[in-house]
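Fit chains B and C with the ligands to the known structure of chain A by using the hints.
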Amino acid sequence: MSQIAEIATGGQIVRRAGLLSLSRRLTWRHGALAIIALVVVYLTLVPLGMILYGTLTDGPPGTGASFTLQNYVRAYGSPDIFRAAFNSVSFAVLSGIISFIIGCYLAWVTERTNTPFKGVIYIAVLVPFLVPGILTTISWVFLLSPNIGLINKVAESLFGLDKPPFNIYSFAGMVWTFGIDHITLPFLLMAAAFRSMDPTLEEAASISSMGPLRQFYQINLKIMFPSILATCLLLFVRGIETFEAPAVIGIPAGIPVFATEIFLALRRAPTDYNLAGTYSTAYLLITVIGVLLYLRVTRVAEKFATITGKAYRPRVIDLGTWRYGVLCLTMLVLFIGVFLPLAIVLWASFMPFYAQPSWHMLSMATFANYVAVFELDEFYRAFWNNLVTGVSAATIAVLLSVGIAWIVIRTDIPGRKMLDIIAFTPIALPGVVLSLALLWLYLTVPLPVYGTLWILIIAFVTKFIPISLRVVHASMLQVHKELEEAAELSSSSWLRNLFSIVVPLILPGLLVGWLYILTLTFKVLSIPILLSHVGTEVLPVLIFSLYQSGGITELCAMGVILTIFIAVVAGLTRLISARFAIKAGE
Amino acid sequence: MTSIFSVRLKFAACGLALMTALTVVSRPVTAQAVADAETFFASLESLSAAQREAKLFEGAKKEGSVVWYTTDGPQPTQQILRAFSKKYPGVKTEFIRGKSREIADRITSEARANRHLFDLAKTSTETYDMYPPNVFASYKSPTKSEIPAAMQGDKWASVFTFVRVMGYNTKLVKSEDLPKSWDDLLDPKWKGKILFDESSLPEVGVLYARWGKDRTAAYVEKLGASGNLQIRTGRTTLSQMLSAGEAPIAVTVYPYDIENLRTKGAPVDWALLDQNPGLLQPTSISRRAAHPHAAALLFDYLLSKEGQEVYAAMGRTPSNPNASVKNEREKAAVQDPRVAFDEMGVGGAPLEETTKLLDEKILRRSFQR
Amino acid sequence: MISVQGLAKTYAGGNVRAIDGVDFQVETGKIFTLLGPSGCGKTTSLRSVAGLEQPDAGEINLFGETVFSSTRGISLHPSKRKIGMVFQSYAIWPHMTVLQNIAYPLKGKGLSRAQIESKAREALRMVDLEGFEDRPAPKLSGGQQQRVALARAIASDPRIFLFDEPLSNLDAKLREEMRGHIRALQRKLGITSLYVTHDQVEALSISDFIAVMEKGKIVEVGAPRDIYLHPTSRFAAQFVGLTNIMPAKLRHGDAGDTVRVDLPFTSLLCQGLTTKAHSKGDSLMVLLRPENVRVSSSSFNCETNEWRGRVISSIFLGEFIDCTIACGDFQVRARVNPFHQFEDGAEVYLHIAPERFSLLTA
Ligand SMILES: Nc1ncnc2c1ncn2[C@@H]1O[C@H](COP(=O)(O)OP(=O)(O)O)[C@@H](O)[C@H]1O
Ligand SMILES: [Mg+2]
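Those protein sequences? They're chains A, B and C, same order as listed.
Under this note's numbering, the residues of the first sequence are numbered 1 to 586, in order.
Under this note's numbering, the residues of the second sequence are numbered 1 to 369, in order.
Under this note's numbering, the residues of the third sequence are numbered 1 to 362, in order.
There's no promise every hint is true.
Claimed, not checked - In silico lysine-lysine, DSBU-like type, Cα no more than 30 angstroms apart, as pairs:
(1) 153(A) to 171(B)
(2) 30(C) to 481(A)
(3) 174(B) to 153(A)
(4) 193(B) to 163(A)
(5) 30(C) to 139(C)
(6) 139(C) to 481(A)
(7) 163(A) to 171(B)
(8) 153(A) to 191(B)
(9) 173(C) to 523(A)
(10) 481(A) to 215(C)
(11) 30(C) to 118(A)
(12) 82(C) to 188(C)
(13) 222(B) to 191(B)
(14) 118(A) to 173(C)
(15) 305(B) to 264(B)
(16) 481(A) to 119(C)
(17) 189(B) to 163(A)
(18) 163(A) to 155(B)
(19) 481(A) to 249(C)
(20) 523(A) to 99(B)
(21) 163(A) to 174(B)
(22) 481(A) to 109(C)
(23) 153(A) to 87(B)
(24) 481(A) to 82(C)
(25) 155(B) to 264(B)
(26) 153(A) to 264(B)
(27) 481(A) to 173(C)
(28) 153(A) to 222(B)
(29) 171(B) to 331(B)
What the hints assert, rightly or not - Per the computed footprint, the stretches of chain B lying under chain A, defined by three or more beta-carbons under 8 angstroms from a beta-carbon of chain A, are:
(30) 48 to 61
(31) 98 to 109
(32) 139 to 145
(33) 244 to 250
(34) 263 to 274
(35) 316 to 327
Unchecked claim - Facing chain A, from chain B, some residues (calculated, C-beta under 7 angstroms):
(36) 64
(37) 67
(38) 87
(39) 90
(40) 94
Just so you know, these hints were derived from the structure itself, not from any lab.
Just so you know, even glycine gets a beta-carbon here, dropped at the ideal spot from N, CA and C.
Here chain A stands alone, though its shape is the one from the complex (with noise of 0.2 angstroms):
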């Protein structure tokens, strides 16, 4: 008994005595540790519970709506959701298939092999991302429908088929089309893995006369899980989620998934907010479990750090004669994959209306489209608003998250997994839902936000955090700690330390993250559209009109013109990520 009082007491000291030296430690850090907690919690969860308050009950919050599961029952009534579901996850998990591999084998030849012509392939690669994924999508649809592809038409006339090879109108016509245009995602992602790997262990395993498949399972693949995962992760919820294939290609060939379920219930005004949000639960659930799942994997990441201020070497592979091979199947790739949607758009923003290239449609060559554009008042102001919601809206995610990922990563505070889980909810919450949540929010509560490029800030970072989570978490696994340790024996200066020693480290990372929130902001309507206000309209509203009132040739003339600037950014983020990169060994 007396024994038990003692084990009982000794634990108490020995708790107060930790919280006590808690208190005496606390410093800069743990204050900007929890504010950016409190930042990222407040900016994830309330939304969240607003839509979660909504799914229960019949009206918008705040109107003396009443409980109910009629949202529910509503949303999940039916066998075609299911079926839909069904198809949102195969076309999913094939598309992602194929944005990976695509992706990850271009950024092995970027980053890891002297293949000649690298930054023309880095840039090839990124260039079609700012194209709206509207207008990529159609121009699939003039190279591979069955009664206007080009493709087929040229297939046709050159080996005399009697019936066109492709039909974008199916279910691979889908699958590829979304495949091909999000290779930019797992390229970035990966290119930035590649970049921060070290090649000693590499080496160690050829030495050890594993087999060069072993050798790319055991090395390779287990040091880099934690970013292919991120990768998979996001290309599925993307993939579930997006609705441009869907829309154009399979409403035509009758095949419904998830989105175009949501789209249907919901294109009615006004939108039922609540019907909305309990569709969503769906995605809540589907991320939430895949949180876990990479979360759980991850754990034993810690083991994998390469970056260990150690014989530190980032070394490229001499394919020798093999490069010529490996640029020749990169161009095919590239031709395929880049080219050829963008050559179609590119074509169009010339034509005064689309028709498949001839010689007669060349003569009739136009600049009209161009002019169009740049005689849009409109076109500067939501170029310029859209470069500082963008570029304000990407840093500030990427600084959040790098808090995020330390809090995860290096230190044991209780619930900090659930920190985790709870900045990437955002990504399971439709456009749609989440900007009707904030505007609600923001028109009830009298912050200065509404109707001002805040609003449009705080939307963006709230969705597109779970991206630069994952990028900036998958980074900061590999630095190793003791790094950090080392510079925290010399300063106590937990901000000085945490930018001079980690953020340099996983500068590839940030950048990545960055540049792809960045575009995404430049891509992503359903945000702004219920946002944005005079005088802070972004780009992606315009591109809608432009395309709502039949400008799908402006619209390509708009498309080349991002393509340009895109083009110039990421070039030049390419350019400060060499620089700030530790220096490649020959």
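Relative to the frame of chain A, chains B and C with the ligands by itself:
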């Protein structure tokens, strides 16, 4: 040696620049809404047209700006507003655009939160009934009275009209082979050859209004089962696809789109079926407009002969009969007995039922295949 | 002076006791080594002293200043402890040049740029790396990186050095060289040092004092010579060097500094070694270092401490021959001069000088 310092410097500089940029751009919308614009509008009724215009212009200049929520495209909006600004310099025009659903979402949400940020709104016939009863102001003006009674109501007037018609690709089908009626569309020779927009609710509505419930239901059933339709989303893509030769026929498209393409040399044209929906473009003033003078000024301008001719020049069919018309064909169509206007839900078909018919008999049907 | 008392730390919610009541003291200017097998808690102890780990209990004093105390709720930030540390992974920052690596810890301490640079260069000179200032850190060999880590630790004039297995990533030759280097530098600067290694040779050669650790506890502390020659614990005896451990019984009671013990196969006279009082019949352990066992094919003609055995195996290792000899039911390992040659199965004589082995209470 210097690089650590400079890295930090760079971060600091970026942060500073960001903050400055954000402060510059964060210009909250802080409009002071009037208690009730209707009282003010009523007070104008005693004035002559010229007095009225002068008073509105004077007040509008003081107010400085006018905010328009519209469902129209970027170029038409820019053109009409430029013309307005030319006539009334000193009144800044601002606008946001969206699909009619988004405009509805926005206005309803703002109204619920008691934030009155818009002065003028162009909505759509499909969504007009969903607005809260008190957001729009009753409005009368000499200009508004020039508009035919069928194209206006107490709180709205249609700034122009759209008709939706059948489009066809002149290279793929001769005009004499064209289907003349909806029943002709069932002909098996059109199997998979008719582009059809999934949002064709007014089309079903017109059939319903003219044919009654049973005949429409039976017809829609047959149309869905025929396999003749290629379902698409986005009426614009529809026109573009039609001109590119994806299919010979598109049901239905805007003549405005088709004319645009045709004048540029695209192989497309349009024709009326036996039943065609006409769509009004209802525009209203906010009851709590922050800039009531400017709102009334712009509203009157949009409906005036002058403003309507700007629209007409873009190929739109103006509502004001005094305005000259560029697109005679469409104007003729507007007056054609084969075109039915859904008069703001007055004579329209029940939305629930038409939606159900469209969704289940045509859309879902295409998913079963 | 470093003084550590009652240090304890658990992981995994208390399931893993990494260290469990560690006490030790390092005198000013000395180099003190924690030696033990992997996982015994050396790194945890060292990191606790550095402040990189928050122990659950205990107290740490550095030069009279309490830097950590669980009962008084004190925990000083690592940077306030004035420590220089060399990590096992070196932790050289790969995005900086050699000079930047060394200069980083000096920044923010109120020094001018010129002062920082001259201090950094001075540190580089001390580790013989002049001329490498602008070399990017990843472009150094392992040994050079090690020296950069050392220079970085020196540069900020720490009062204490901490080393966590600094040589374990180097090849044998380099390890020996660096060992000398570290030792010389420490002597020259006179900085109190705590060194962690699992390598006994390294520990013996570099240390003023060694603490042998086992399962989160210190089992024995002493000068290298004492630890090796007269271990007071079975674990230390076995872990530091190779030892024959045999059960024995004391024949006489306490008889001054000479006693006789009975082994199963012989009896031995033991001189000047027993520090503890024993009484007759006590069970003891006899520790024979293989290098102290003499082996010959002919008798040594000694009256005491000579017995016979049969060679089971002998392996020629250059410096010596590793012989395993059966004596009754026991096997004795012996290191024999390489010029000897024994057939397997040969009868041999073994001898050990009375002062060259030690006794442990069983
Ligand atoms: N962060 C940690 N989490 C859980 N267990 C740990 C952690 N760090 C060390 N340990 C455990 O504590 C024990 C002592 O570790 P360590 O001090 O690193 O040993 P050494 O340095 O002597 O090899 C080991 O069993 C190790 O597995
Ligand atoms: Mg260790």
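> Hint numbers the structure violates, sorted upward?
Replying inline: Of the numbered hints, 5, 9, 11, 14, 18, 19, 23, 25, 28, 30, 32, 35, 36, 38 and 39 do not hold.
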